[in-house]
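There are 2 protein chains.
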Amino acid sequence: MRVLLVVADGMADRPIKELGWKTPLEAAEKEALNEIATMGVCGIMDPISPGVPPGSDTATLSILGYDPLKYYTGRGALEAIGWGLAVEKGDVCFRCNFATIDDDFTVLDRRAGRISTEEASKLAESLQKVRLSNGSVKFIFQNTIQHRATLILRGPHLSTAIGDSDPYETGKKVLEVKPLDNSPEASFTARVLNELLEKFHHVLRNHEVNRERIKRNLPPANIILCRGAGTIPNVKPLGEIYGIKSACIAVVSLIRGVCKIAGMNLLNVEGATGSLDTDYMAKAKVAVQALQENDLVVLHIKATDVASHDGNFYEKVKVIEKIDMMISYILDNIDHDDVYVTVTADHTTSCLTRKHEGDPVPVAIMGPYVRRDDVIEYNERSCARGGLGRIRGIDLMPILMNFIGKTKKFGA
Amino acid sequence: MRVLLVVADGMADRPIKELGWKTPLEAAEKEALNEIATMGVCGIMDPISPGVPPGSDTATLSILGYDPLKYYTGRGALEAIGWGLAVEKGDVCFRCNFATIDDDFTVLDRRAGRISTEEASKLAESLQKVRLSNGSVKFIFQNTIQHRATLILRGPHLSTAIGDSDPYETGKKVLEVKPLDNSPEASFTARVLNELLEKFHHVLRNHEVNRERIKRNLPPANIILCRGAGTIPNVKPLGEIYGIKSACIAVVSLIRGVCKIAGMNLLNVEGATGSLDTDYMAKAKVAVQALQENDLVVLHIKATDVASHDGNFYEKVKVIEKIDMMISYILDNIDHDDVYVTVTADHTTSCLTRKHEGDPVPVAIMGPYVRRDDVIEYNERSCARGGLGRIRGIDLMPILMNFIGKTKKFGA
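As they're listed, the protein sequences go chains S and B.
Take the first sequence: its position 153, counting from 1, is numbered 153 in the numbering used here, and each next residue is one higher.
Take the second sequence: its position 371, counting from 1, is numbered 371 in the numbering used here, and each next residue is one higher.
Just so you know, the hints here were simulated from the structure itself, not pulled from any lab data.
It is possible that some hints are incorrect.
What the hints assert, rightly or not - Straight-line distance between alpha carbons at most 27 angstroms, and here's what the computed DSS-like set of lysine-lysine pairs gives: (1) B:Lys408 with S:Lys70; (2) B:Lys409 with S:Lys172; (3) B:Lys138 with B:Lys122; (4) B:Lys236 with B:Lys409; (5) B:Lys173 with B:Lys122; (6) B:Lys236 with S:Lys355; (7) B:Lys408 with S:Lys178; (8) S:Lys355 with B:Lys245; (9) S:Lys22 with B:Lys409; (10) S:Lys173 with S:Lys122.
Put together the whole structure using the sequences plus the hints.
Below, the structure written as structure tokens:
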């Protein structure tokens with residue numbers, strides 16, 4: 001027996017006046033989702049704890065069974081891993097932006113005019129040649145999409161207890177990186193990073209790509225801004241905890257990073273974009289295939305969250321209907337005596353506030369031996385009356401593993 | 001957006017035979033409460049955890065979001081603060097009674113015949129002149145209502161790990177205060193307190209007020225009994241946690257103390273008594289006003305608990321109907337697009353056992369964006385079928401703050 005866990009990012013919502021005080025899930029046509037609710041056991045889930053708005057990273061950690069209060073170490077390392085960088089234990093990772101400053105180090109554009117990935121790649125290549133005065137510390141700098149990049153510091157005596165250089169606002173000066181505690185490691189790491197960022201600035205300032213941009217009246221990408229120092233969370237992989245083989249279908253690097261540290265195999269899907277135009281059916285097909293050789297497959301869809309952050313509830317309803325078609329295909333192509341299909345969201349994203357909110361999310365589990373309840377619709381309100389009651393994110397994985405006989409007895 | 005949180009002390013109850021096996025809440029006429037249930041999302045709440053009978057202090061800590069298992073430090077300090085005494089960090093506070101003993105130190109009356117507040121004030125004034133042999137320790141002794149009083153010890157090297165002098169029963173001897181651990185601080189504090197109580201006894205024994213009482217055949221208040229050594233809980237104020245301004249409408253000093261350490265503004269209401277004869281409408285009016293300038297207003301009603309401890313379930317039904325009228329006024333005078341109205345109890349008090357019990361309490365939250373459920377009656381049983389499910393006391397404040405956008409995202 002095996003588990004398919006579909007996580008629709010930010011799918012849960014609050015009632016919306018324009019939808020007749022329904023949530024997007026309530027307003028959507030969704031036969032397949034309702035079938036899962038009807039045939040399954042339903043409930044609501046607090047990804048972290050009641051009322052706490054989760055990030056996608058902490059929520060995913062939680063849904064995979066890792067207490068984020070214990071294991072969360074910041075977004076930097078998770079995203080770097082998600083981008084495929086070989087992050088090692090002890091590495092200090094940062095999220096970075098190519099940005100534009102004036103001669104006075106005042107930030108003019110935190111995204112350097114959303115510089116193209118191509119140009120950013122050329123700049124990043126030149127940055128590889130920078131050498132730190134302290135030979136014991138190595139760095140890996142990798143641009144990702146457009147102005148976004150990742151920096152890793154590797155070496156002995158490093159600390160994550162350092163501040164950001166990113167002032168988070170235009171019109172403010174680039175910050176000197178400061179140690180956040182009194183340890184010699186924090187002072188050392190701050191010193192190293194300040195040196196590195198200054199050397200980066202020297203390379204970027206005079207770079208041909210930037211001279212060309214200035215000619216074309218575009219803001220030069222003349223500085224790297226760093227934020228969110230973090231290391232790898234020290235978690236046991238799912239394989240070790242439950243003795244399972246698992247795979248993840250996700251595009252968003254942060255989610256891929258969390259799944260990677262959980263020891264999951266990261267699958268790639270042609271046509272999956274992590275946005276509204278993603279190829280749902282391509283993802284469905286890869287999921288069905290992956291179930292052949294895995295005990296657990298996590299299928300993550302970002303589009304629901306994208307529509308929510310845009311405040312576009314009509315689009316969100318449409319996305320949910322596409323997810324429903326995707327799930328319909330999956331239900332038609334799996335062995336129902338063998339697969340437990342679970343659908344949930346990693347958090348509530350309100351189309352009204354356009355933010356992650358701390359309201360619970362619906363969850364439904366369909367499979368051969370669940371205690372089917374009376375719920376016949378998949379949405380926030382009807383699932384609240386279901387047989388699972390109100391659970392927490394970290395309870396979900398043990399519940400699923402229990403259904404497929406992968407949990408260990410505690411006691412004799 | 002803002003929150004009004006109505007806490008009816010001990011309002012929840014068990015089914016009562018004389019009420020046709022209904023609880024007082026089920027038996028009461030309560031249109032306004034039912035409207036909140038109908039328009040809102042309902043649930044049941046374990047103030048501490050399932051089955052644990054809460055005190056009003058631990059329950060209120062919990063409902064304000066502070067884990068009492070972590071922060072509760074005894075009733076003494078909370079009550080002293082509630083009385084308006086300037087308790088400082090490190091102060092050791094006690095709840096005290098004026099009591100009557102015979103020459104053999106056997107307790108004859110733990111309340112000195114419920115001595116009048118006026119007489120107790122005169123006695124307390126004389127006690128101010130007592131001096132401790134160790135000059136580094138100061139004391140503050142303040143009588144409150146009738147036989148009740150508060151004692152604060154202030155100075156270095158004090159400990160709360162000491163026993164009571166109050167034997168809690170008539171016919172038993174006054175206890176010598178003993179240290180409860182092996183620390184020098186506990187021994188020192190016990191020694192200081194024993195000295196102080198002995199000196200108090202000397203002053204009281206020969207006091208004119210007591211000579212007069214004996215003449216009138218009244219028990220003399222010739223000893224101070226101490227219990228419940230405690231310090232201020234070290235909690236972050238709500239303003240710091242959520243960035244809110246908050247106010248509390250309560251008469252009971254213990255509740256006022258808890259709200260004070262949570263950083264709430266304590267409001268006074270003319271006609272509010274903390275008993276059955278309280279002026280409900282006066283409280284309602286102050287609550288409506290307070291909502292103009294606060295993000296959170298807690299409105300506490302003691303009368304439900306008073307009726308319960310009296311075992312008077314008919315009276316309890318009447319009190320609930322008065323609370324309903326109070327809430328009806330509030331609902332008529334607030335902006336429903338702006339205010340989340342929540343009604344709950346701090347614990348179950350059984351009219352039968354006349355004690356706090358560990359049964360869960362009902363909770364209903366009405367407001368613009370709650371996921372309204374099917375519950376249409378406000379009581380213990382119907383709320384158990386609501387969309388909130390079963391929550392814990394410490395979850396309530398994050399849930400409420402989430403609705404008004406005051407919780408911080410955890411993660412990215």
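For Lys236 (chain B) and Lys355 (chain S), compute the direct alpha-carbon distance and say whether it is at most 27 angstroms.
holds (26 angstroms)
Next pair to validate is Lys408 (chain B) with Lys178 (chain S); report whether the Cα-Cα distance is within 27 angstroms.
holds (24 angstroms)
Restraint check for Lys408 (chain B) with Lys70 (chain S), where alpha carbons must lie at most 27 angstroms apart
OK: Lys408 (chain B) and Lys70 (chain S) at ~18 angstroms, within 27 angstroms.
Please work out if Lys236 (chain B) and Lys409 (chain B) have their alpha carbons no farther apart than 27 angstroms.
holds (18 angstroms)
Can you confirm whether the C-alpha distance between Lys138 (chain B) and Lys122 (chain B) stays at or below 27 angstroms?
OK: Lys138 (chain B) and Lys122 (chain B) at ~20 angstroms, within 27 angstroms.
Lys355 (chain S) and Lys245 (chain B) were given as a pair; does the straight-line alpha-carbon distance stay at or below 27 angstroms?
holds (23 angstroms)
Does the alpha-carbon distance linking Lys173 (chain B) and Lys122 (chain B) stay inside the 27 angstroms limit?
Given that 27 angstroms is the threshold and the Cα spacing comes to 26 angstroms, the pair holds.
Please work out if Lys409 (chain B) and Lys172 (chain S) have their alpha carbons no farther apart than 27 angstroms.
It holds: about 24 angstroms lies between the C-alpha atoms, which stays within 27 angstroms.
Does the structure keep Lys173 (chain S) and Lys122 (chain S) at a Cα separation of 27 angstroms or less?
The given pair, whose Cα atoms are some 26 angstroms apart, holds under the 27 angstroms limit.
Run the distance test for Lys22 (chain S) versus Lys409 (chain B): straight-line Cα separation, threshold 27 angstroms.
holds (25 angstroms)
Every hint, counting from the list given before, is met by this structure.
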